[in-house]
Amino acid sequence: MIFNNGISYTEETMTKNLKVLLIEDDMIEVMKMNRTLKSLDLSHEIIEASNGEEALRILEEKEHLPDIILLDLNMPKISGIEFLKILKADEHLKYIPTIILTTSSNHKDLRTCYEIGISGYVLKPLKYEDYVSRMAKVFDYWSITELIKA
Amino acid sequence: MDQNKIDILQRALNREKQARKAAEAILEEKSRSLYETNKKLENLYSDLESEYTKTDSQLQGVFENIVDPYIIVNLVGDILRMNNAAMRLLGIPEKYPDENLAKMVHPEDVAYMVASFETFLKEGFIKDFEIRLITKYNEIKIVHVNGSVILDKGKPVAAQAIVRDITELKEKELVVELINSIGQSVLGKLDIYDIAFEITQKIADYLGTNDCVFYLCHEETEKVEQIAAYGKILNNHNKLIFSYNQGITGRVAKTGIGELIADTSLDKDYIVDDATRLSEITIPIKIGNKVIGVIDAEHKERDYFSYKHLDMLNSIASLVAMQVKSAIDLKERTRVESELRASEERLHTLMLNLDKGVLMSDEFGKVVFVNPRFCELFDIDVPPETLQGLDCLKAAENAKDQFENPESFINGIKTTLKNRELVINEEMVMKNGKTFEGGYIPIYKNGINKGDLWTYRDITIIKKYHESIETQKEKYVRIIANMNLGLLEFDNGNKIVMANQSFLNMSGYSEAELLGKNAIELLPIPSKGNKELLKKVIIQRDQGHASTFELEVKNKKGEKRFWLVSGAPNYNINGESDGGIGIHLDITEIKNLQIQKEQLLTQLEKSNDELQEYAHIVSHDLKSPLRSIYALIEWLKADNVGKLDEQSLIHFNLIESTLEKMEALITDILHYSEVGTEIDLKQEIDLNNLVDEVLSVLFKPEHITIYILNSLPTIFADKIKIHQLFQNLLSNAVKFIDKPNGFVKIDFEENKTHYQFSIKDNGCGIDEKYHQKIFEIFHALQEREDSTGIGLSIVKKIVELHKGEIWLESTPGEGTTFFFTIKK
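Those protein sequences? They're chains V and Y, same order as listed. In terms of my numbering, the first sequence opens at residue 1 and continues consecutively. In terms of my numbering, the second sequence opens at residue 151 and continues consecutively.
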């Protein structure tokens, strides 16, 4: 990036490691995430929650608040959208950027999520290599984004 | 010298001496007498002098005491002397040092005076000179002048004159002149408008008002009507008509007393006619006590008119009264005559065009008059006039055969003539099937029969009309009794007056049970909705409006039924509201079906939504495992690089492509299920932009060119769906091109109701037997990895949602053109 004074900065100097809460009930999806981070040589910290209730329990311990949340919509017990509603209604937690990670391109879901307040909506592609490249972009973006530390 | 001569000379000298002495004595005598004479003369002169002074002062006294005004002025008009009479005339008090006569001359007469004065100076005198003066009292006086120039040593220095006041004399002359001229101009005139015109012109001239109006009085209507006005031509549009209690004119017409209004602004009755004027004089024209007309004049200045004017106009009014009266009478007579004539003509025309045949006979039974209709009725083929003088009874004999019963016709006439009493509407049947109506009126004058009037009228049509009305009435009565709709008639209090058989069947009540009952209390279920509805219906009925409504009722068995009711107000023969009529149809079955249908629709909607939701969940649930399998295969491949043989790798790849196909299938099913939902047909779409967007993401090999042949329209439709429509059709077109130089051509045309699009390719083409099938779901013609067979089903569904049609033309091997329309 070139500024007027001619000094240039490289992006790498600004990346940071993120604390990521991954809410996903599918064990293989979790494996995909972990393997992807490994293959991309990224050292972000993944906190796993297999459903919304578990995620809420984790979020109650305020010291361990994540930087971002990756949320699957189709889950048993509390659905992704219900979880999102609870999150965004919370005075403190509502500042955590939440990115939806789902196979559903349902227009209604998309609109509802943006209405409640999400920071991204990423479709899970079929092909694994496509998945890896998408995740790389997501982490690239969020690791250079300024966040509110709760 | 000779003595003789000396003697002679001596003697001559003596003689001369003596002669001179004598002459001297005479001269002395003469000059003495001259002196005396002179002396005498001197005395005489001084006598004369004193005598003259005496005479002059005597004369002065004479002038001062003279009856006529006497004035001496210098050449610029300054008054040098005048007598008392002159002072009175001019209104100058005792002293008059600075008065100037010329300045008192009426401004309009100054020029005349200046001209006359020059002649006066030249000729030395003036006689019978008349001029107007304005006196110190501000009165206008007309004076008569006789005067002479006073000379000093042959030069004019002053003028003296006797100046007599002839104002009154002149006015009297004017009055006489006016009366004469009005008398002359009015005399012998018979037209009231001419007379009134002359009077107004003459009076306006006399009064110097430029305004004078003549009104006629109409006692019976208490109106005054303008019939002439000075300097104006009146017609029906600009002539004024007042009532007796309007204006000063109206007042005078009412009271019969002439009035002099010094200041109209103080008179509450004054009304402005064409301009506001401050003085008004109004005079009635009377015959005895009856006011027949009013003369009215106005002047813009306050206090303009004098009592002299009032007297004057009163005299004129009485002078012309008789003349005006006879002119009015003449006008009235002319009007009555012309009305009488018109009335006669009308009567004649009426007779000629009357629908009745009329025959009038005199007291001897001879025809006096027959109208054309009479001849028509009885087939008489000669002009009506030719029947005059014919004997009535003979004529009846000739005509009797036209009657069904000739003898009774003749006898009827004979009886009527004997009784001579009024006969009205006697029906008689003719041989030709017609029906006539006869009437008879005897004509009496002073109790003596003067003739007869016979009338005949063809009433065949009227008779038939009445008969047909009866038939019609019976027909409707039958319809009402037998129709399948319940009919109910009720009075203003909603009491049932009539119910037909169908209504009895519908309600289950007998006629006796219904009559006299309140229709609103008996049948409708007393629910809140029903009550409000009936209240509204009754209000509408009271306003004269009909209404149709559904009503829940309970029949005699207590069953709940739905009736469709059409109610309308009913009127009696005078057009007064007389209750109402209701027509009833039992729609319980239809109503139940409708309720069922509504329930079904709600259910359907709900299950559609559920299905939609279900499709989403299922597709998600199906897609997730695919992703897992795909990832696992990838990992197997990655973790075993070099350990797997080629065959295994091929198999792994086949698993992957199968997964991809399954993914595409699930996505398409989802799309198909989504087409019908959340549709918004009112989005404005510029199709040029939309097609550009589609083409930008479309996979297109190098050897294929896409042409857009026409600029595309802007339409109102669902943007997402139309996007999908073009995407599916265009990707299909591209997909099936098997030629080395491929093309896709997009074209567009429009008609009144629809836009029509076409997408043409030079691909492999489609056999005609598949032209319908390809639109069915899961029907892919070719087994292809990139085709699920759902794309065209989605396209068809989208087109149908936009009220359009889709079809294709194709030649196998050459290409395909898809056509579709979208409703405007």
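A couple of the hints might just be wrong.
As the list claims (entries may be wrong) - Derived contacts from chain V toward chain Y, CB cut-off under 10 Å, selection only: (1) E29; (2) I78; (3) H92; (4) K124.
Unchecked claim - Derived lysine to any residue pairs resembling SDA-like cross-links, with alpha carbons at most 20 Å apart: (5) K127/V with K322/Y; (6) K869/Y with K127/V; (7) K108/V with D818/Y; (8) K108/V with L500/Y; (9) K322/Y with L340/Y; (10) K787/Y with N34/V; (11) K756/Y with K127/V; (12) K127/V with A788/Y; (13) K973/Y with F898/Y; (14) K787/Y with M31/V; (15) K339/Y with A471/Y; (16) K253/Y with K322/Y.
What the hints assert, rightly or not - Far from chain Y, by Cβ distances over 12 Å, these chain V residues were calculated: (17) D25; (18) R35; (19) D41; (20) E54; (21) L56; (22) I58; (23) E60; (24) L65; (25) D72; (26) K88; (27) K94; (28) D109; (29) G117.
Calculated directly from the structure, the hints in this document are not laboratory data. Just so you know, even glycine gets a beta-carbon here, dropped at the ideal spot from N, CA and C.
Going through the hints against the structure:
1. Proximity of E29/V to chain Y holds as hinted, the smallest CB-CB distance being about 7 Å (cut-off 10 Å).
2. The criterion of a C-beta within 10 Å of any C-beta in chain Y is not met by I78/V, whose closest approach is roughly 16 Å, and the hint is violated.
3. Evaluation of the H92/V hint against chain Y yields a violated restraint, the C-beta minimum of about 31 Å exceeding 10 Å.
4. Among the interface hints, the one on K124/V holds; its C-beta lies about 6 Å from the nearest C-beta in chain Y, closer than the 10 Å criterion.
5. A hinted pair counts as satisfied when its Cα atoms are at most 20 Å apart, and K127/V with K322/Y does not qualify at roughly 137 Å.
6. About 30 Å separates the Cα atoms of K869/Y and K127/V, which puts this hinted pair outside 20 Å; it is violated.
7. Simply put, K108/V and D818/Y have alpha-carbon atoms about 17 Å apart, close enough for the 20 Å limit, and the pair holds.
8. A hinted pair counts as satisfied when its Cα atoms are at most 20 Å apart, and K108/V with L500/Y does not qualify at roughly 89 Å.
9. For the hint linking K322/Y to L340/Y, the alpha-carbon distance of about 29 Å lies beyond 20 Å, and the restraint is violated.
10. Proposed proximity of K787/Y and N34/V is supported: the alpha carbons are some 18 Å apart, at most 20 Å.
11. For the suggested pair K756/Y and K127/V, the alpha carbons sit about 36 Å apart, so the restraint of at most 20 Å is broken.
12. Under the criterion of a C-alpha separation no larger than 20 Å, the hint pairing K127/V with A788/Y is consistent with the structure, at around 14 Å.
13. Restraint check for K973/Y and F898/Y: satisfied, since their Cα atoms lie roughly 14 Å apart, inside the 20 Å limit.
14. Distance check on the hinted pair: K787/Y and M31/V sit about 16 Å apart at the alpha-carbon level, within 20 Å; holds.
15. Taking the CA atoms of K339/Y and A471/Y, the gap is about 13 Å. The hint holds against a cut of 20 Å.
16. Distance check on the hinted pair: K253/Y and K322/Y sit about 27 Å apart at the alpha-carbon level, beyond 20 Å; violated.
17. Distance to chain Y contradicts D25/V as a non-interface residue, since its nearest Cβ pair spans about 10 Å, not more than 12 Å.
18. R35/V, annotated as away from the interface, has a beta carbon of chain Y within 12 Å; the closest lies near 7 Å.
19. The beta carbon of D41/V is kept farther than 12 Å from every beta carbon of chain Y, the shortest such distance being approximately 15 Å.
20. Non-interface call for E54/V relative to chain Y: holds, since the shortest CB-CB distance, roughly 19 Å, exceeds 12 Å.
21. Distance check for L56/V against chain Y: the nearest CB is about 23 Å away, which clears 12 Å, and the non-interface claim stands.
22. Every CB of chain Y lies more than 12 Å from the CB of I58/V, the least distance being 23 Å, so the non-interface label holds.
23. The Cβ of E60/V sits about 29 Å from the closest Cβ of chain Y, beyond the 12 Å cut-off, so the non-interface label holds.
24. Under the 12 Å C-beta cut-off, the non-interface status given to L65/V relative to chain Y holds; the minimum distance is some 29 Å.
25. Distance check for D72/V against chain Y: the nearest CB is about 9 Å away, which does not clear 12 Å, and the non-interface claim fails.
26. A cut-off of 12 Å between C-beta atoms confirms that K88/V is not in contact with chain Y; the least separation is 23 Å.
27. K94/V, annotated as away from the interface, keeps every beta carbon of chain Y farther than 12 Å; the closest lies near 27 Å.
28. Against chain Y, the non-interface label of D109/V is violated: not every CB pair exceeds 12 Å, the least being about 8 Å.
29. Distance check for G117/V against chain Y: the nearest CB is about 22 Å away, which clears 12 Å, and the non-interface claim stands.
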